Each structure stands twice: as C-alpha cells, then as structure tokens.
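Novice: Listed below are the residues making up each chain.
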Amino acid sequence: MKYIDEFRDGALARQIGEHIADEADPDRHYGLMEFCGGHTHAISRYGVPELLPPNVRMIHGPGCPVCVLPIGRIDLAIHLALTRDAIVCTYGDTMRVPASDGLSLIKAKARGGDIRMIYSAADALTIARANPQREVVFFAIGFETTTPPTALTIRQAQREGLTNFSVLCCHVLTPPAIVHILESPEVRDFGIVPIDGFIGPAHVSIVIGSAPYEHFAASYRKPVVIAGFEPLDVMQAILMLVRQVNEGRAQVENEFIRAVTRTGNLKAQTLVADVLEPRPSFEWRGLGEVPHSALRIRSRYRQFDAEHRFELNYRCVPDNKACECGAILRGVKKPADCKIFGTVCTPENPIGSCMVSSEGACAAHYTYGRFRDVPIVAAPVHASAHATAQAL
Amino acid sequence: MSAATVKRGYIRPLDIKRGRIDLSHGAGGKASAQLIEELFLPALDNAFLHQRDDGAVLGLPDFDAAEGRLVMATDAHVVSPLFFPGGDLGCLAVHGTINDVAMSGARPLYLSASFIIEEGFALADLQRIVQSMASSCREAGVPVVTGDTKVVEQGKGDGVFISTTGVGVLPGGVDISGRNARPGDVVLLSGSIGDHGVAVLSRRESLAFETTVQSDTAALHTLVAAMLAAAPGSVRVLRDPTRGGLATTLNEVAQQSRVGILLREADIPVKPEVNAACELLGLDPLYVANEGKLIAVVAAEAAGAVLGAMRAHPRGLDATCIGEITGDPHHFVQMSTSFGGRRVVDWLTGEQLPRIC
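Order-wise, the sequence lines are chains A and B.
Here this note's numbering is used: the first residue of the first sequence is 1369, the next is one more, and so on.
Here this note's numbering is used: the first residue of the second sequence is 823, the next is one more, and so on.
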C-alpha cells in the first residue's frame, strides 16, 4: 500500500537497528518512554524490541485514552444509559473498560442500555437528529487528536438548535501528563523510572504542534522526538534519542515532519479554545488528580454539557487492589510484573484498563509480546519441512 | 524462566446468575469458546460434540464405518446488510454449511434450511435471497431437501435469519480434524484473506466506503476433494477461517492439537484494497472473516502435491504456504513480521465486527 509499506520496510528497519546498536554506548542504559498508545501498539505489533540492542529499553507511557479513563467516568456513562434512559454513543474501545459492579458499557448494553458504538463524533449527531424524542449523549474521550471533532460537533449542534444532544466531555491533555510523570517521586527523587527521553505523540502533535514540548525538554533536561506511528518512524526516533542522549542534548526534534509543524493546526486549536476550557483538575487512572490536564465545555455551550444537563456528580472509585495499572501507566512497572497479568486479567476479562485497548501497555504485551516472558521454542528444523518451505 | 514457572491463564467462569449474553459471545473468539465450554457442552455432553470440529463425524447403526461415515454440520446466518458486494445472505447460508461439512473431508450431500423472517419483510427481497440460495445449491450440487419458516413480530428480528444444516459422507480411512496437526507439518492457505469482512463492512450504514472488494463467498468441497486426491492421508487439518479470521482459526487448531504455529507475515496474501480498508478502519486482516478460503495443515513432504492441486483449482489459484507447526508447549501462534520482528497472533478478543456472517 502506497505511503504505508515504505514505513514498514524490514530491510531499512534492520539498517536503523544496526545504527542504534553501533551508536548506543554499551556501558549505559537508555530508558525511552513512548508516551502514546499508538506507539506502544506499533512497537508490539511489529516486534520492534527484537531490533533493538538490550540496553535500549522502551517504557510504555500513559498515552492510551481508554487506559487513563477512571472508573468513575465510565460509571457516569453507564448511569446515563441505564437510569436516565439516554442513548449513549462512544468509540469502540471504551465499550469494554471495566466499571463498578462488574459492569462495562458492553455489559450495560446487554442489560438493556441503549449504547451505540460510533466511528466518528458526527455519527452521534446523526443519531440525535434521528431520535428527537430521546436524549443522546456523546461520551467523548481521547487526547488532543479527538478533541477538535468533539468541539465541532458541539458547535454544529448549537447551529442546528438540537435540544436533545449533549457531550460527556472526558478529553485529556498530553503535556500536563508528561510533566506529571516527570514530577512524580519515582522519576524525580528515587530514580526508579530511569527515563532518558520521550518519543512524542504523532497525531496529538499534528494538532498542538511541537512547541508545547519545548518547555519541559528544557526544564527537565529530557530530549523529545516526535515520531509517526509507523514502525520505521519509531526506529528512527529511537536513533535520534540515542544520539541526543549521547551528545548530552535535550531538545525537541521532529521525526514526523511529513505531518507535524512547530505550531500545529491553528484552526483546530482556535475551535477547541472556543468550545472547551481547561478543568482545574481531572482524575486520571494511574496518575490520580492531575491539575489542568483535561477539558470541559465552556459555559456558553452549557446546554450541551451532559454533566450540567443531567446534574451529574463525579464519584472517585478506587481501582481493583490487585491491579497494577497505575504503576504501569507511570512506567514504574512492566505488565508482566503485575500478579494478575495474563492470569485473571486478560483482554477477554480485563480487570485494569491497560488490558482493554490494543494501545494499552498490558493488552499490547499480552496480545503481541507475551511469548517473550517464556522460553522461545524455535520451529522444528525438519529437513523436509525446511526444504518444502524453501521450494514453495 | 522454565516452562514450569509460567503463569497459567485463568478464565473467570461465566456468571450464570447475573451474567448476560453480550456481542462478544457471538464473535467466534474466546468468549464464544467459553460459552460452549461452560454452558452448552456440560448440558449436551456427548462424544460427538467433543470432536470440536466444524462438523461432527457420526457412526450409523448397521453401517460399516470402514465404508464411510455420516458428517453433519449446522450454521446460522445473520449477516447485515443482507446484500453485499459479491454475495448475499442466501448464498452465504448455503456456502457456510457446505464448507463446514467439507472441512471434515466429507462430500456434502443435502441441506436443510430454516428461515426466521420479520413481519413486514419485502417479498421481493425474500425471493432474491431464496433464488440466490437456489443457484448456489445448483452450482454446488447440494440441494435443500427440507425447511421451515417462522415469522416474528416487527422489531423482533432484523429482516431475515437463515439457519442451514448439512449432511455429507466421509469416505472410510479419511481422518481430518483440528486435533491432527503435528510439529513439522506446514500450514497452507487457499488465497487472500479478509475479502468477505471488508466487502460486508463497506455496505454498513455507519461506514459505507467505496471499495472494489467482493466477498469471497464460495463452496469449497470440490477444492477439498482435489486436495485429498492429490495426497491421500497427508492432509491432517482443514478449516475455513470465517468469524474471528485466520488468527482465531489457527489458535483453535494450536489448542486442539496442542502444538504451536509459526507464521511468516510476508507470505500471507492480503489484497491491497483489503489492506487499505483495514488500515482505515483500524482492523487487522488476520481477524477479518472469510467465506471462501480454507487453511490446511499438511505433512511437509506432501505440501508440494497438495499446493499444486490447490493452485489448479479455481478456488485455490493463490494458494500458498504461510508457516509451520511447532512443538511450542504454550501453544502460541506466532508470526515473523515482515518488519523483522516477532509477535504473538492471538485469539480475537471482544467483537469488532458483529453480524459478519
């Protein structure tokens, strides 16, 4: 496929891998956090770790929108569907996130809740138009990438004078989360999470640009390389980070120049700023309350704010005690360190949110990489099998 | 880490008291398998169900098994929309069941069909579906010999659902089952994957995208016959990777045969337009349904002969070898990626595409 295959080229990947191995100092370790779930997924799906030397280690970050959604937020959406009789529309992965009382949106749907999976925010509007007698709520989640469509939907609803449509806005922001990780005691004081640099988000950066990362690259002395979501992008970004670390630089570099500029998409930024505003604080799963890290609907669009419309009160619900999602989202633990990883907690029966979305660190490791936790069994080199495979 | 210290997976049992059926129970992945394991099997328990293949191989009283055995398979079809590029509910209902019978190596002989129709359904559409069934039956040489019709109130069905059952005869000496894969065998695939799922999705109301992809829906029993004739006794497993796609089907085989499978991504044929649609929708072609493809696990020394027979058949022109069976004690399906890495190819989780067949 054009413009895709070029970025998945195995021969080029091997070359970059050799460069990384050549340039990485054998006497030190490189801990690199990919913030974004899109990168976590690409790294696992294409088997990127196999192409890296052992002293370059990827640390999965919290940039999976489904993973950081706290239980209390899912509970609100379920409440709207089951007790307020609203049609709740949301993106696919959100359906399976575990909530209180053993429920999830997909289970609430089986209990009679009218919950619809949509592919685009505009679909929620279509559903609202088609059901004028029903309340329709768009359960909006995601980082800066999915925020502009939500803002656009709200504006459109106002323009059309829709009176049965509202948004449960759970949009979160990338830069405050990164700062929060860098400020966490594990990273700052104890050095438990040795983060030497960040792979910056691809699609988020298309919207916000590369400038917002400059502040913490400089203040915390951590290099950032913004990278696309294809595996070669990731390899190239790792090489660029290794070089920065070796040279003692801490700059924001842009590997994803085919889409990301320094200032980002100004039109989208203006739109978002018109409709949404920062919340003083927002609870993230794993990170807890993070100041100024999420968006809410501005008061002039209040009639479209589900929290206002249904007078919802957010209630914080603690995670399952055995679940290590919090530590995993902060990079303190690896998925396999969690006692319930792969035993009680699997993608079919996720206990923690990191096991839900394919972008979640646990789901990505379980789905694509868990063979690394066990001894690799090579394919039998049956003389005949080998010969046949060659001949075919 | 030794194999003994590897954590054993734990599957939380079904919560019969409070649990409800959700869409993932119908996706053909792990949730479907659990439903069968914990609810259907204990209640309906018998040796035939434990064969765990697409069709059951049955003995008949006063009938010499060496001469042949009866094979029976059943399949309900709930595809939405009813008409899609390359096919419709009618031909799907015929092909799906013929293929389930054929995957045991049997020659399909007869079909039954029951229709659950929603009040208000257009007769013209029903006729179009039934005529499509008829022409598929004629082409396959397998007639519908009995049937049933039920009508449910408006809103209690979605157009029409068709359930078909097929019977066939398995020649003596043929033993094809998901249990038979052995380390060293090779895995053959009859053609490109993902065509059916993408074709159906392209006509979904909420998606509706332009594509030239056609469903691959087709009866595969003559392809099977040609493969078996080319290398008698060497074809160990046959499966049609429908719901859950190639990935889920291979995991079932790995589980049933207690082996591992190692695939080569570069050798798995996927049409560029299927790949493009999957990229767009965030799907992995390995999990997208097929209705006219089969996988075969074949003794390595017979692979050339079987592959030759497949490529000489119109339903297997693009047949290819995509991997090998390994002795992995964890029964992982793994894949060498074209990118140069390695990954697990797991069961389908949840439900990405409800009502694809």
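It should be emphasised that the hints constitute simulated quantities derived from the structure, not laboratory data.
Predicted model, so just to flag it, every value in this text is computed and none were measured.
Don't take each hint at face value.
Claimed, not checked - Residues on chain A that point at chain B, a partial pick, calculated with CB under 8 Å:
#, residue
1, Tyr-1371
2, Leu-1471
3, Lys-1475
4, Leu-1530
5, Tyr-1588
6, Arg-1589
7, Thr-1735
Don't be surprised by glycine CBs; every beta carbon is placed ideally from N, CA and C.
Novice: It remains to establish, for every hint, whether it holds in the given structure.
Specialist: Structure-based check of each hint:
no., hint, result
1, Tyr-1371, "violated, 10 Å"
2, Leu-1471, "violated, 10 Å"
3, Lys-1475, "holds, 6 Å"
4, Leu-1530, "violated, 19 Å"
5, Tyr-1588, "violated, 31 Å"
6, Arg-1589, "violated, 31 Å"
7, Thr-1735, "holds, 5 Å"
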